[in-house]
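*Asks:* Take the position in the sequence shown, starting the count at 1, then add 54; the result is the number in my numbering.
Honestly, I wouldn't trust all of these hints.
Think about it this way: if two alpha-carbon atoms lie no more than 35 Å apart in a straight line, the pair counts; the simulated DSBU-like pairs of lysine-lysine are [what the hints assert, rightly or not]: (1) 244 / 181; (2) 131 / 181; (3) 131 / 244.
Note that these hints are calculated values from the structure, not bench results.
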Amino acid sequence: MVHPYAVLGFLAAVLPLVATPGASLVLLVQHVTDSGRRQALPVILGTATGLYIHATLAIAGLSALVMHSSQAFTAVKFIGAAYLIGLGIWTWRSATPSARASTHRHLPKQSGSVYAQAMLANVLNPKAASIYLTLVPQFIAPDHSFDGQILTLATAHALLMTLWLLAWTVLIRRASHTLRKPRFKRTAAKITSVVFLALGIRTAAT
Numbered sequence: 055m056v057h058p059y060a061v062l063g064f065l066a067a068v069l070p071l072v073a074t075p076g077a078s079l080v081l082l083v084q085h086v087t088d089s090g091r092r093q094a095l096p097v098i099l100g101t102a103t104g105l106y107i108h109a110t111l112a113i114a115g116l117s118a119l120v121m122h123s124s125q126a127f128t129a130v131k132f133i134g135a136a137y138l139i140g141l142g143i144w145t146w147r148s149a150t151p152s153a154r155a156s157t158h159r160h161l162p163k164q165s166g167s168v169y170a171q172a173m174l175a176n177v178l179n180p181k182a183a184s185i186y187l188t189l190v191p192q193f194i195a196p197d198h199s200f201d202g203q204i205l206t207l208a209t210a211h212a213l214l215m216t217l218w219l220l221a222w223t224v225l226i227r228r229a230s231h232t233l234r235k236p237r238f239k240r241t242a243a244k245i246t247s248v249v250f251l252a253l254g255i256r257t258a259a260t
């Protein structure tokens, strides 16, 4: 079992990373703005699932293999970058009036697809994997269950991320009158697409 002070220390260390805008927050703003606050749940669940996947990979040692193999790390990095850039292109196209008219039937509004988007955005982020390979070991006691400690820290990480995304959901909800305006939705979608493209390019370049 992880010592409570270790959990608090881990949360303090990971808080700046959680507060840094990333794909999860961008997806939250996009889907809550477009379809309402209920879309926050699949985004949060998808993000939490991604964190548990990284924790499981760390336990299995697969993440370590990726981090210590330059070829494997590069492959994961570029897959994640391509996914974010693809989301950016799709979002931009959906914000264009002609594209919206022709593709509205095919937009991924189902909770399952939103969940998958959030999960993949997290799983394909090699920096998220590095948290469980470089940061988590600093808060693990060698005389206790290694697996249990990693899962405990992953749970704390997921709860912190959930609170952060819920806080943003409340802020978005309070601005719902403005967010429902078609012109604002189109502008927000274009800004979101640019952010996705920037995240993808940054992931590929770093």
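*Asks:* Check each numbered hint against the structure and report the violated ones by number, ascending.
*Replies:* none
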